[in-house]
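Chains as they are written, first to last, in our numbering: chain A, -9 to 94; chain B, -9 to 94; chain C, -9 to 94; chain D, -9 to 94.
Calculated directly from the structure, the hints in this document are not laboratory data. As the structure is a prediction and not an experimental result, all values here were calculated from the model. Some hints could be false.
[To be verified] Okay, derived cross-link-like pairs now, SDA-like style, lysine to any residue, Cα gap no bigger than 25 Å in a straight line:
(1) K10/C to T83/A
(2) K10/D to R28/C
(3) K18/A to A53/B
(4) K10/C to G22/D
(5) K35/C to K35/D
(6) K18/D to E21/C
(7) K12/D to A90/B
(8) K35/D to D69/C
(9) K35/D to H65/C
(10) K35/A to R64/B
(11) K35/D to E52/C
(12) K18/C to Q43/D
(13) K18/A to R16/B
(14) K18/C to G29/D
(15) K18/A to T42/B
(16) K10/C to K35/D
(17) K35/D to C66/C
[Said to hold, decoys possible] Some, not all, of what chain A presents toward chain B, calculated at C-beta under 7 Å:
(18) L14
(19) A24
(20) V31
(21) C37
(22) L41
(23) R91
(24) L92
[What the hints assert, rightly or not] If you want the ones that stay clear, here's a sample from chain C, every Cβ over 12 Å from chain D, calculated:
(25) I7
(26) R72
(27) G74
(28) G75
(29) P76
(30) E77
(31) A78
(32) D79
Heads up, the beta-carbon is just placed ideally off N, CA and C, and yes, glycines get one too.
Protein chains: 4
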Amino acid sequence: MTDARVDTETHAHHGYISDKDKYLNRLKRIEGQARGIRGMVEDEKYCIDILTQISAMTSALEAVAVGLLDEHLRHCVMDAARLGGPEADAKITEATAAIARLVR
Amino acid sequence: MTDARVDTETHAHHGYISDKDKYLNRLKRIEGQARGIRGMVEDEKYCIDILTQISAMTSALEAVAVGLLDEHLRHCVMDAARLGGPEADAKITEATAAIARLVR
Amino acid sequence: MTDARVDTETHAHHGYISDKDKYLNRLKRIEGQARGIRGMVEDEKYCIDILTQISAMTSALEAVAVGLLDEHLRHCVMDAARLGGPEADAKITEATAAIARLVR
Amino acid sequence: MTDARVDTETHAHHGYISDKDKYLNRLKRIEGQARGIRGMVEDEKYCIDILTQISAMTSALEAVAVGLLDEHLRHCVMDAARLGGPEADAKITEATAAIARLVR
Chain A
-9 MTDARVDTET
1 HAHHGYISDK
11 DKYLNRLKRI
21 EGQARGIRGM
31 VEDEKYCIDI
41 LTQISAMTSA
51 LEAVAVGLLD
61 EHLRHCVMDA
71 ARLGGPEADA
81 KITEATAAIA
91 RLVR
Chain B
-9 MTDARVDTET
1 HAHHGYISDK
11 DKYLNRLKRI
21 EGQARGIRGM
31 VEDEKYCIDI
41 LTQISAMTSA
51 LEAVAVGLLD
61 EHLRHCVMDA
71 ARLGGPEADA
81 KITEATAAIA
91 RLVR
Chain C
-9 MTDARVDTET
1 HAHHGYISDK
11 DKYLNRLKRI
21 EGQARGIRGM
31 VEDEKYCIDI
41 LTQISAMTSA
51 LEAVAVGLLD
61 EHLRHCVMDA
71 ARLGGPEADA
81 KITEATAAIA
91 RLVR
Chain D
-9 MTDARVDTET
1 HAHHGYISDK
11 DKYLNRLKRI
21 EGQARGIRGM
31 VEDEKYCIDI
41 LTQISAMTSA
51 LEAVAVGLLD
61 EHLRHCVMDA
71 ARLGGPEADA
81 KITEATAAIA
91 RLVR
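Build out the structure end to end from the sequences listed, making use of the hints.
Next up, the structure:
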């Protein structure tokens, strides 16, 4: 949350990301990786080299996901835990579902 | 490249991708997903929603990888198999290493 | 363990698993899958069929992992969150590291 | 196929595994890991320690899968490639489907 805006939308400006610039930079780099891979396909580079780049990009993306999940647990879920009740339980269920999608 | 190999660059213009446009479109869409996810972090959208988008993007990327690997096996590896010898063996070793990186 | 902690061993009898029998049964089934796969290799069954069984076993194992992680977040991490302080932070760091190993 | 046996069963005794004992030993170890993890749940060991063991077991299983896939490509798929025709194509399609299940 960069400014003092009174949040009226749902799911917006949660302000839970402690190092937002780090994630923005990583995602910009991932976007560049996607563009680079597209260029490799365009130029018909050697398939195995393209796959190596895809593996690297997938790892970078997973690292972002794990980082964001850490922030989420540390802030949203912890806050809910301190309040307790069904809201806390619901937050865990939601987080577990997200983890299951990442683990597959 | 089965014909006239005037190719002087290493690993360039292999021409093994039978439906190049399909892959270029998919990768353009993946690039858009990366940009969208960056926008979500920028706007501090709800973390779980961002993670859902990252999972979708990872799946799209894995589908591209498996598709490219299929093309690679179908063309480069098959060609090498028909020629036989140590070259064929080396192609399999290389493909397996790429698969191991994807499977992790 | 919220009650009578006579526990003198480290990391033993944490009592956080709400449906222990479910996990024991699932793990017994996974053990049977491992044995079945070994039998398939012994009998030199068709490789693709063995790989299908390995994929099924991996999925079963991941489901157990996600289930145990859910229990862990719901009990240990929640308890730590309510207590707060560095202990709570350390629990999240530990959970995130475990998630990273699962996601890879 | 180590001997001249006329194979009458479908998908049996393919004899494509060059180092069968290595795979049998690895799978025996994986079975032991499954048994160990079940014991940890039975004894209610610390959840994070159980998850660490599950991650190790999943990695061991993936290594077996990649190894068997390598053997399969090296033998069955190569043989089909040398024969050529629709059979070769079908083998690649089948192998790719197996890889997709492993990559998820």
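Pair hint K10/D and R28/C, alpha-carbon separation not exceeding 25 Å: Holds, at about 10 Å.
K35/D paired with H65/C [C-alpha distance capped at 25 Å]: holds, 14 Å
Evaluation of the interface hint that places L14/A against chain B, nearest CB under 7 Å: Interface hint status for L14/A: holds (6 Å vs cutoff 7 Å).
Straight-line alpha-carbon gap K35/D to D69/C, limit 25 Å: holds, 17 Å
Hinted pair K18/A and A53/B, Cα distance within 25 Å: holds, 22 Å
Restraint status (C-alpha distance of K35/A to R64/B at most 25 Å): Holds: K35/A and R64/B sit about 16 Å apart, inside 25 Å.
Pair hint outcome, K18/C versus G29/D [Cα-Cα no greater than 25 Å]: holds, 10 Å
Pairwise hint evaluation, T42/B against K18/A, where the allowed Cα distance is 25 Å at most: holds, 18 Å
L92/A as an interface hint toward chain B, with CB separation required under 7 Å: holds, 6 Å
When the least beta-carbon distance from L41/A to chain B is tested against 7 Å, hint result: Since chain B brings a Cβ to about 5 Å from L41/A, closer than 7 Å, the hint holds.
Supplied contact hint for R91/A, tested at 7 Å Cβ to chain B: holds, 4 Å
Holds or violated: K35/D to E52/C, with C-alpha atoms at most 25 Å apart: holds, 18 Å
The earlier numbered hints that this structure contradicts are 5, 25.
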